[in-house]
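Participant: Residue numbers (this note's numbering), protein chains in the order written: chain A, 102 to 336; chain B, 102 to 336; chain C, 102 to 336; chain D, 102 to 336; chain E, 102 to 336; chain F, 102 to 336.
Bear in mind the hints are in silico, worked out from the structure with no lab data behind them. Since we're looking at a predicted model, the values are computed, not measured. Heads up, the beta-carbon is just placed ideally off N, CA and C, and yes, glycines get one too. Be aware that a few hints might be false.
[As the list claims (entries may be wrong)] A partial selection of chain C residues facing chain D, derived with a Cβ cut-off under 10 Å:
#1 D114
#2 T136
#3 H162
#4 T188
#5 E201
#6 A205
#7 D207
#8 A286
Take a look at the letters that make up each chain.
Protein chains: 6
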Amino acid sequence: MKTVAVRNIKRADDKTIAGLEKLGVATVHEAQGRTGLLLPYMRPIYPRARIAGSALTVLVHPGDNWMIHVAIELSQPGDIMVVGCATDNADGFFGDLLAESCRAHDIKGLVIDGGVRDTRDLTEMGFPVWSRAINAKGTVKETVGAVNVPIVCAGQYVNPGDVVIADDDGVLIVERDTAAKVLAAGINREINEESKRERLARGELGLDIYNMRPQLEKKGLVYLDNLDEYAKYEK
Amino acid sequence: MKTVAVRNIKRADDKTIAGLEKLGVATVHEAQGRTGLLLPYMRPIYPRARIAGSALTVLVHPGDNWMIHVAIELSQPGDIMVVGCATDNADGFFGDLLAESCRAHDIKGLVIDGGVRDTRDLTEMGFPVWSRAINAKGTVKETVGAVNVPIVCAGQYVNPGDVVIADDDGVLIVERDTAAKVLAAGINREINEESKRERLARGELGLDIYNMRPQLEKKGLVYLDNLDEYAKYEK
Amino acid sequence: MKTVAVRNIKRADDKTIAGLEKLGVATVHEAQGRTGLLLPYMRPIYPRARIAGSALTVLVHPGDNWMIHVAIELSQPGDIMVVGCATDNADGFFGDLLAESCRAHDIKGLVIDGGVRDTRDLTEMGFPVWSRAINAKGTVKETVGAVNVPIVCAGQYVNPGDVVIADDDGVLIVERDTAAKVLAAGINREINEESKRERLARGELGLDIYNMRPQLEKKGLVYLDNLDEYAKYEK
Amino acid sequence: MKTVAVRNIKRADDKTIAGLEKLGVATVHEAQGRTGLLLPYMRPIYPRARIAGSALTVLVHPGDNWMIHVAIELSQPGDIMVVGCATDNADGFFGDLLAESCRAHDIKGLVIDGGVRDTRDLTEMGFPVWSRAINAKGTVKETVGAVNVPIVCAGQYVNPGDVVIADDDGVLIVERDTAAKVLAAGINREINEESKRERLARGELGLDIYNMRPQLEKKGLVYLDNLDEYAKYEK
Amino acid sequence: MKTVAVRNIKRADDKTIAGLEKLGVATVHEAQGRTGLLLPYMRPIYPRARIAGSALTVLVHPGDNWMIHVAIELSQPGDIMVVGCATDNADGFFGDLLAESCRAHDIKGLVIDGGVRDTRDLTEMGFPVWSRAINAKGTVKETVGAVNVPIVCAGQYVNPGDVVIADDDGVLIVERDTAAKVLAAGINREINEESKRERLARGELGLDIYNMRPQLEKKGLVYLDNLDEYAKYEK
Amino acid sequence: MKTVAVRNIKRADDKTIAGLEKLGVATVHEAQGRTGLLLPYMRPIYPRARIAGSALTVLVHPGDNWMIHVAIELSQPGDIMVVGCATDNADGFFGDLLAESCRAHDIKGLVIDGGVRDTRDLTEMGFPVWSRAINAKGTVKETVGAVNVPIVCAGQYVNPGDVVIADDDGVLIVERDTAAKVLAAGINREINEESKRERLARGELGLDIYNMRPQLEKKGLVYLDNLDEYAKYEK
């Protein structure tokens, strides 16, 4: 295991990050071609939070949160801590004291492929967390992991400095190098969606807006009048 | 695979549906003999919604939401869209645009054995959804499924036109033909429960109200005074 | 199977219980050496409840809630009902009528390694429940289990009369005999945490407060300046 | 709950069943349009069994195997018992005594959405079982279910008398009415597959055999020479 | 956490253990009233092993196998090591070197609520293991747990010195004090089963052997002639 | 989504790969510092296979196996196909025809974060597969993915050309650049293990071989004579 902490990483610019935060997970996920999403078991501890920031990556070991302390020192204001674990483990790696410390260093939130505790306090503090579990089980500080190296978190590869977006729909990673391009695509998408939304709200059908009927027929969709016809059709 | 869309289905009458909605899932489930319940992994995206309507059934394929567009055209006001998938899949088949379209056609809500996204928007719109997952992962439109044919959704067989009831306790299917009879049984049950509730609230014991003591004794329940007796009893 | 109901059990004193309730699950869990926690699939049906009380233990069989009725008669005001099941089962063992009955006997809440229903009513009543599932599926009354004997609930051994603490972080068992000692340790811990919290809130690092740097170095943590160094370091 | 046992059901003819058995699950599943498959958690208790027969359907309740006794009397030689449960439950509903009884009545095997025990004896007897779990936990005989009515088993709707095929790949249901037609399609498919197999074994590519290249290009697949080109392509 | 290793524990006598081993898990589970079974996710790493012995209990922490080394010194020939973990964790706590060591000390096998590795070597050595996972992930030796204290393993409470039985059906705990009584009940059960088995093998029905018909009728089972009657019966 | 197929990738040399194959997953996993392991849900379809080769990476979409055809053309003899899916999906992406094709191109085996079918044929062919499920459910060919780009498979990041090792213990990735170094470390480890194995087989304790006693005492392990002392110690 590489037991390494990297001091300096590149980050995306603040404007791009702010733009991506405004668009949210579902729109940006579409805009970058449906990649970058963490597995859907990652859920927010309270509803209606939405944040974006630079990934401060942390690799921990099961039942051990030592590296989180190391990571806080290497953070920059606006970072989001992204914690992967060497194996599936749902212990409570993070609680109110660590949240206090994160806040003092302007870390915006936590994404952890593990458990979290003191969720009531975290909710009252308004410190947002996306985790795989809520779990009061505490952890030790015995095994060294890594900070600011590439990790896998909830099925997704994350480089330190990638942009993280998290809201009620889940957590998304946008690679730092493509973030500006993705933002542009997301804004276009939103404009495009707006006109679709209006037409749909007036009752127009997706079948017509997207001109799906010929393709559906070609691929074999058959319209029947009622279930009696269907019963015959089956045989 | 039958790639079929059925235009006309029979539905239960509005009064019966309204009556079942008022009773809610738990009561109606009991009233129809503890059948018809979807598996409990189906959860609402926001609390305190309760709806009932006619099942507009949709069969989709993993990662593909094409048939949902087809279904909207075949809906009637008051329907609930019930989506089963050909295999276990938690992709985000449904989001705010489709919800907008559903609402324009007076579809009351969605029950989907898959994932859903834009949950914050759906919550703000008040469009209720029961799903197995929240997942921003989008879907394609490549493979034809079916609309308004019998499906299995979350372990339950659903015919188009069956009555669907959904609330905080889960999702229940009532067969169209028996809906009126089930409603009557449910109303009786509620009346009966009311008197039980009052007696229980006054501190009477279920043991006495339901006259359970003789049966418990017959089946072998033994009362002991304390845990020391239990330690002896074991050996 | 021992089909036994024990009438009299020893309980911890009210003051100790009240003290533990105030401290909450995460703090007490640490104070007693990170033991006693139920598995994290046990979740509250509504947020922000926190209770502590004496365990009124119940052993039920899959799909059968008979013993819950037996248990209510043997309860004392302030008890928390703790229900284990002979096998993994998520049926809805408990609903609004039983909650009404529990309340009439001043049972403070329910912890059940199974399902619960009528959650909207329970929420409105303010009757707190921690369960593994929400499930409208009803149960029968055919098989005798046990009341007030030692059980395993969600991976944790529970003696009748042990102290149960439950809040947003989960459910914790404190053995009756050690409850007073654990309370003292918990209070100490809280005082100690308070000073840590203040220092962390001012921006001091855990690395310094806990003097972790020498130990991290000894165990092999290496600081690198940037990811280029890391790329070299790997080979 | 309908507590009913139906004495006489229609079955597919023996020749059709024998033909489907020979084709196996994967081929027939394709031949009938990729429908009818039970969820993949259904696994054989020993490898290399393959059977087909008429579904003798049984609906049981969690922790209760009473209806299996009722079903044996209503079986015909060559039937396969298909057991669904009213809720998710993995108790050991079936063991060596019941297998002995099934064999005396020429029931060919068991498909059960629950647990099974005495698997070593069953293996030695050569009585094949597909189940969701192996579990020594015994069951009671207290609650009446149903025999030979339509059920849902592992996510699949099954009518009594439908053809069941089971092998190492899982369990498949073929509707009785369409079985002959599906058999014909399956035989065709196998012939067709044979020629494909030979070409593939000689090293021909699926890309060429199925003429996929133009379609891949049309849908946007781009060939790059190496990963350096890919790194540029991304930005 | 009690960080304790207990040197001397009481064990059941060899004859009783040998008798229980011969009966196997399913029979003994019935004989002691359907209690004592570990959760069914515990599976053998190879088929057809059957062992019984005294429980040498071990409590480990996630990702840490230190206590297994401590336990080997405290073992007695014929013991079965039973390992519980402080939280859900599937790391590979045990491999071929530890198996070599166990064998040198005549430990008969391992039951572990965690992962195991080198399973091919263990199979070739004939060292039987029941575990929740096979996992090559290694563990550290940093955190002290306990040996020969009561633990919970896979949902079951285990006292050091209790009798452990393990075979293809799973793992069962028999309390040391009741082992002789349970053995006697098991032998009786087997004799009784033998005569049942013969009658069932001759084709007699369980319905008649156990005289179930009157009870089935009383509880509401209705026989119908065919599915047409059922269709009418439903409405 | 990058819809790209990369023609030429770098591979490790054959000798290194052969050396790693001989060492096996558990040993190499240790030798490279306990990294690189796929999640333990990846299981072989038959026991006692062990292979190593260069990763031919494939990214597929749920229910769609099109890219596997593309990958075969880009393979080199000795490659192992490693398939990741854009979302959790257990459909049967791969069967006997594709195995025939892989064999014709000397692909050594398959690692797939999805399902596989025709497992009996694959076993008879001796074509080894590690998968998350066995599932007869077929797939379509509609959506373009990627070949020979970096992917995440079962929680592990894989670059095309990395060394894959797979056996009964699971699947391991060794980065191409470090493979030679890891092989050397693995061989050393094995030599070292051999002497340990002999000492353990003679009955020496790990406690002594690894000199654990002082450290255990320092970390607080207390030896007690019996459980009576433990009962006192607890209070």
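Participant: Can the hint on C/T136 be confirmed by a CB-to-CB distance to chain D that is less than 10 Å?
Facilitator: 27 Å, violated
Participant: Is the hint on C/E201 kept, meaning its closest Cβ partner in chain D is under 10 Å away?
Facilitator: 25 Å, violated
Participant: At a threshold of 10 Å, is the proposed contact between C/A205 and chain D supported by beta-carbon distances?
Facilitator: This hint is violated: C/A205 lies away from chain D, its Cβ roughly 29 Å from the closest one there, beyond 10 Å.
Participant: Please verify that hint: C/D114, Cβ, nearest Cβ of chain D, below 10 Å or not.
Facilitator: 39 Å, violated
Participant: Was the hint right that C/D207 lines chain D, CB cutoff 10 Å?
Facilitator: Not OK, violated: C/D207 not within 10 Å of chain D, min 32 Å.
Participant: Against chain D, run the beta carbon of C/A286 and see if the smallest gap drops under 10 Å.
Facilitator: Given a least distance of 39 Å, the restraint on C/A286 is violated.
Participant: Can we keep the C/H162 interface hint, with Cβ of chain D closer than 10 Å?
Facilitator: Result: holds, 6 Å to nearest chain D Cβ.
Participant: Given C/T188 as an interface hint, is the shortest Cβ-Cβ distance to chain D below 10 Å?
Facilitator: With a closest approach of 5 Å, the C/T188 hint holds.
The structure is inconsistent with the numbered hints 1, 2, 5, 6, 7, 8, although it conforms to all the rest.
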